[in-house]
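There are 2 protein chains.
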Amino acid sequence: MENGDAAGIRGATNPMVTPLLTDLYQFTMAYAYWKAGKHLERAVFDLYFRKNPFGGEYTVFAGLEECIRLIANFKFKEEEISFLRSVMPTSEDGFFDYLRSINCSDVEVYAISEGSVVFPKVPLMRVEGPVAVVQLLETPFVNLVNYASLVTTNASRHRFVAGKSKTLLEFGLRRAQGPDGGMSASKYCYIGGFDATSNAAAGRLFGIPLRGTHSHAFVSSFMSPDQVVVSGLSSQDGSSTCEDFVALVRSWLSKLQMVESLRGIFGETNQSELAAFISYASAFPNNFLALVDTYDVMRSGVPNFCAVALALNDLGYKASGIRLDSGDLAYLSVEARKFFRAIEKVFGVPGFGTMVITASNDLNEETLDALNKQGHEVDAFGIGTYLVTCYTQAALGCVFKLVEINNQPRIKLSEDVTKVSIPCKKRCYRLYGREGYPLVDIMARENESPPKVGERVLCRHPFIESKRAYVVPQHVEELLKCYWPGNSSKAREELPSLNKIRARCIQQLEQMRPDHMRRLNPTPYKVSVSAKLYDFIHYLWLNEAPVGELQ
Amino acid sequence: MENGDAAGIRGATNPMVTPLLTDLYQFTMAYAYWKAGKHLERAVFDLYFRKNPFGGEYTVFAGLEECIRLIANFKFKEEEISFLRSVMPTSEDGFFDYLRSINCSDVEVYAISEGSVVFPKVPLMRVEGPVAVVQLLETPFVNLVNYASLVTTNASRHRFVAGKSKTLLEFGLRRAQGPDGGMSASKYCYIGGFDATSNAAAGRLFGIPLRGTHSHAFVSSFMSPDQVVVSGLSSQDGSSTCEDFVALVRSWLSKLQMVESLRGIFGETNQSELAAFISYASAFPNNFLALVDTYDVMRSGVPNFCAVALALNDLGYKASGIRLDSGDLAYLSVEARKFFRAIEKVFGVPGFGTMVITASNDLNEETLDALNKQGHEVDAFGIGTYLVTCYTQAALGCVFKLVEINNQPRIKLSEDVTKVSIPCKKRCYRLYGREGYPLVDIMARENESPPKVGERVLCRHPFIESKRAYVVPQHVEELLKCYWPGNSSKAREELPSLNKIRARCIQQLEQMRPDHMRRLNPTPYKVSVSAKLYDFIHYLWLNEAPVGELQ
Numbered sequence: 006m007e008n009g010d011a012a013g014i015r016g017a018t019n020p021m022v023t024p025l026l027t028d029l030y031q032f033t034m035a036y037a038y039w040k041a042g043k044h045l046e047r048a049v050f051d052l053y054f055r056k057n058p059f060g061g062e063y064t065v066f067a068g069l070e071e072c073i074r075l076i077a078n079f080k081f082k083e084e085e086i087s088f089l090r091s092v093m094p095t096s097e098d099g100f101f102d103y104l105r106s107i108n109c110s111d112v113e114v115y116a117i118s119e120g121s122v123v124f125p126k127v128p129l130m131r132v133e134g135p136v137a138v139v140q141l142l143e144t145p146f147v148n149l150v151n152y153a154s155l156v157t158t159n160a161s162r163h164r165f166v167a168g169k170s171k172t173l174l175e176f177g178l179r180r181a182q183g184p185d186g187g188m189s190a191s192k193y194c195y196i197g198g199f200d201a202t203s204n205a206a207a208g209r210l211f212g213i214p215l216r217g218t219h220s221h222a223f224v225s226s227f228m229s230p231d232q233v234v235v236s237g238l239s240s241q242d243g244s245s246t247c248e249d250f251v252a253l254v255r256s257w258l259s260k261l262q263m264v265e266s267l268r269g270i271f272g273e274t275n276q277s278e279l280a281a282f283i284s285y286a287s288a289f290p291n292n293f294l295a296l297v298d299t300y301d302v303m304r305s306g307v308p309n310f311c312a313v314a315l316a317l318n319d320l321g322y323k324a325s326g327i328r329l330d331s332g333d334l335a336y337l338s339v340e341a342r343k344f345f346r347a348i349e350k351v352f353g354v355p356g357f358g359t360m361v362i363t364a365s366n367d368l369n370e371e372t373l374d375a376l377n378k379q380g381h382e383v384d385a386f387g388i389g390t391y392l393v394t395c396y397t398q399a400a401l402g403c404v405f406k407l408v409e410i411n412n413q414p415r416i417k418l419s420e421d422v423t424k425v426s427i428p429c430k431k432r433c434y435r436l437y438g439r440e441g442y443p444l445v446d447i448m449a450r451e452n453e454s455p456p457k458v459g460e461r462v463l464c465r466h467p468f469i470e471s472k473r474a475y476v477v478p479q480h481v482e483e484l485l486k487c488y489w490p491g492n493s494s495k496a497r498e499e500l501p502s503l504n505k506i507r508a509r510c511i512q513q514l515e516q517m518r519p520d521h522m523r524r525l526n527p528t529p530y531k532v533s534v535s536a537k538l539y540d541f542i543h544y545l546w547l548n549e550a551p552v553g554e555l556q
Numbered sequence: 006m007e008n009g010d011a012a013g014i015r016g017a018t019n020p021m022v023t024p025l026l027t028d029l030y031q032f033t034m035a036y037a038y039w040k041a042g043k044h045l046e047r048a049v050f051d052l053y054f055r056k057n058p059f060g061g062e063y064t065v066f067a068g069l070e071e072c073i074r075l076i077a078n079f080k081f082k083e084e085e086i087s088f089l090r091s092v093m094p095t096s097e098d099g100f101f102d103y104l105r106s107i108n109c110s111d112v113e114v115y116a117i118s119e120g121s122v123v124f125p126k127v128p129l130m131r132v133e134g135p136v137a138v139v140q141l142l143e144t145p146f147v148n149l150v151n152y153a154s155l156v157t158t159n160a161s162r163h164r165f166v167a168g169k170s171k172t173l174l175e176f177g178l179r180r181a182q183g184p185d186g187g188m189s190a191s192k193y194c195y196i197g198g199f200d201a202t203s204n205a206a207a208g209r210l211f212g213i214p215l216r217g218t219h220s221h222a223f224v225s226s227f228m229s230p231d232q233v234v235v236s237g238l239s240s241q242d243g244s245s246t247c248e249d250f251v252a253l254v255r256s257w258l259s260k261l262q263m264v265e266s267l268r269g270i271f272g273e274t275n276q277s278e279l280a281a282f283i284s285y286a287s288a289f290p291n292n293f294l295a296l297v298d299t300y301d302v303m304r305s306g307v308p309n310f311c312a313v314a315l316a317l318n319d320l321g322y323k324a325s326g327i328r329l330d331s332g333d334l335a336y337l338s339v340e341a342r343k344f345f346r347a348i349e350k351v352f353g354v355p356g357f358g359t360m361v362i363t364a365s366n367d368l369n370e371e372t373l374d375a376l377n378k379q380g381h382e383v384d385a386f387g388i389g390t391y392l393v394t395c396y397t398q399a400a401l402g403c404v405f406k407l408v409e410i411n412n413q414p415r416i417k418l419s420e421d422v423t424k425v426s427i428p429c430k431k432r433c434y435r436l437y438g439r440e441g442y443p444l445v446d447i448m449a450r451e452n453e454s455p456p457k458v459g460e461r462v463l464c465r466h467p468f469i470e471s472k473r474a475y476v477v478p479q480h481v482e483e484l485l486k487c488y489w490p491g492n493s494s495k496a497r498e499e500l501p502s503l504n505k506i507r508a509r510c511i512q513q514l515e516q517m518r519p520d521h522m523r524r525l526n527p528t529p530y531k532v533s534v535s536a537k538l539y540d541f542i543h544y545l546w547l548n549e550a551p552v553g554e555l556q
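Protein sequences appear in the order of chains A and B. So for the first sequence, the numbering used here puts the first residue at 6; every next one is plus one. So for the second sequence, the numbering used here puts the first residue at 6; every next one is plus one.
Since the hints were derived computationally from the structure, they do not count as laboratory data. Possibly wrong hints are sitting among the right ones.
Identical chains share a label here; the pair holds if one copy fits it or two copies do between them.
[Stated by the list, open to error] Computed cross-link-like contacts, DSSO-like style, restricted to lysine-lysine with a CA-CA straight-line distance of at most 30 angstroms:
{"#": "1", "residue 1": "K424", "residue 2": "K378"}
{"#": "2", "residue 1": "K343", "residue 2": "K424"}
{"#": "3", "residue 1": "K80", "residue 2": "K537"}
{"#": "4", "residue 1": "K343", "residue 2": "K417"}
As the structure is a computational prediction, the values presented were derived from the model and not from experiment.
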């Protein structure tokens, strides 16, 4: 257990994650194993998924740290034991003594690094240990990896469509699936390449940059500028005080109405909106960003914003920009940009034309793509519902399959070949080509010698005989690393910081060959097995039932 | 604050739900309100949704208790204040003193009872209080109600298709959106009419019945019956001990092979599967339920199960049944039923023919409906992914809109008429007809006199002039009740137990006119406003911008 202490990974981030957060059948099985004297048999399970989500050809692996935290803290409380006893009243006392004794000191976890690009069938995690204990981990591990990987992948896809230069803001807390859904969404969208979140609790817990200004309700809550009491606004450098900021704003609004190039765009603007903007600017003169679509974007919101921004400019402050939350975002962003540029030109305010335009309102991959095609002037996107609920595919479908017990390989057959498991304790490698792109992932039996740089490797499709190719790797990366050594003498990989995981994710995505990543008809990345593993799979398969008697 | 103590609702069930679990802009707005001296202005917000989910015409409201718990415990911790100060470094100290002082003692919450059937536009909750405080509640309230109502509705729809006589089991933890997603799913599926969950932590926290037996991995972990050591199985009444249970099972398997009516169905069964079943039955002789599809349902799983069940029967135990997790569930359930009935007949074992058949494997509303159409013999359904992720619609889209501030009604207009908010502090009623069905919901201004039994009421569509009807209610139910009276002298509704909420939900669903509930082309339930409210909405609308100046 020193591993856990040494790593500073005691204390789970999510207090809901306890050893009881698992399916009841893991306990009934544990009891049956215990009764049969099988509970200490050493089992190897693979955690993997069968299909990439969102019609794409890649997935980002996330959730590992939370799995490691769970096992580092794995210990039943006495009240949990009492509860289980009430649920399993016919089970013997000795079993509950056994449960009491369980920790994960004899479990080993090998995993691909969090934030890596991953593919179907390749184990994301290999978990070894006493069969009864490892099965207790099945449900929480799958739970922790499933949504984390799904939403990270979703975020990375949004980043791909939006492009590197845009700011992406996660606004999903209110539409997320519960409080923890919101917390996870903020964390994993950040890993997937988002820049900031609106979720204050996630900002605090994970150190993610926070963003947010005001809503429509703020604007609606104001009646008229007469309500606004601004008791003197100091200039940015503190050298002077503007005693009547409202009058200064009004004078700018009048000036704007006189500008030739803006003529006809607006007349009388909404005065309660103006009051709201003045109030917000007085509170945040250094960071004035206004939601401009409560009444009418071009006839009221944008001119009101500009009048306030120009008044702030007189005092040495630089306004941040606007947010659009409805309507034709492409058109409105272009019109707003023209308006800003005209002001920069007419009044000679440097930078006014490049004011940040943020867009929100039910955005997703498709709408971002459509905006790109139409042409737009949006600098930042606030994305919520579709991002955090993973609307187009709400689950990844990870599985956790027994691949070996007591050194005996196990295979799970199925009429559906995509559901056949790949047996044996395995090592997995990513082979890179001359141009630096990953070419293929290959799984091999544990005792096989690893692929070598410059030597050709036969990569076979696990199930289809005709699909095979020789690859000469320029670089070989072993994918599964030891994140929890248990009683083995292996070195333990450190759990990287959130920002390191995020950097890995971004680097890994950039490293992929572009045709795997495109939205339309991406090329599948190849996942293969070694010739030896191929032969062994098919030996087991042919001699299927009962597999055990083959050993 | 005595309200909270009296109700025993201190201590939120979910430790993630803190006052910081909200969007940053609620804090920046609070600061702007505070700077403008507006923070104590009394605001009224409605929480409602705009469209029923899943292509249906009803929704079940859930999540209220968690909202009330949040406000009962609403208090910033000093470290949360410090964090906010670091995020808003230019804000004045006085603001943080104000945040420190906030609790919800001056907030009032009126809500429809949890577990009620509800409809678009009608407020689920009306929240009144100082504008700065009520806005802080927006994000968590929407978060807590959105998924809760969505998954409860989804569960109720699964119940509707499955029929009252079936047992419904929620198996979603591993595919839920994070740990808390899994906890919420278990709670709200139970409210929506499910009978039990596999989630042990939810069983403990909420007192939901638990179910679970074993997985494929359990079966795969056995090699052969020689492995099985059953050290004497006592008979059910304790009067005798079977020294060789394995031999007893084997003798039954031989007998089954001789049965004329079962001839040709199976030959040699899988021996490692048999070993797993014997081990499981030895651990749970009173509750033997076997997963029979690891190898081949009819050629191995069902005969193996029956041999073990018959051996248990010799010792006075009654087996529970089987679970099917793949293949053609309709066909396999019918074949298994025939097998069980044949055994009951041939060996005279009472009840063997009505053994419980449970089905799982990616079930959803559509597959349940298809099974019904094909004809099946399934008694219980285990449902996971599609249920808990709300796959067909992953968000409800609740909103929280300002309808009044300082006694001034507010309306939010939009080019999209479905997005126009219904202004004013309102009372809402459900009018019932002669046959006991709800006929229409009607919203009225607070000072209007309520609809009366036996007197005709003009019910108007809020936006379409031609849509109106007179209704003579036989019963009038006021929908919004006081769940948090704040400083008012109103009586506080008790928060009912989980089982009471579930009972209300089931009763409410049964009470609806069937054409609103059917899956195909359901009739929309009517939601209306009073004549006075209609006139007022349209008065505000015509005189739109700026609305404030109309008052």
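Going down the list of hints, with the structure as the test:
For a Cα distance limit of 30 angstroms, the shortest separation of K424 from K378 across copies, 27 angstroms, qualifies, whereas the shortest one inside one copy, 39 angstroms, does not. Taking identical chains as interchangeable, the C-alpha atoms of K343 and K424 lie at most 30 angstroms apart only when they sit on different chains, with a minimum of 29 angstroms there against 56 angstroms within one chain. For a Cα distance limit of 30 angstroms, the shortest separation of K80 from K537 qualifies neither inside one copy, at 40 angstroms, nor across copies, at 62 angstroms. For the homomeric pair K343 and K417, the shortest alpha-carbon distance between copies (28 angstroms) is at most 30 angstroms, but the shortest distance inside one copy (63 angstroms) is not.
Hint compliance for this structure: hint 3 alone is broken.
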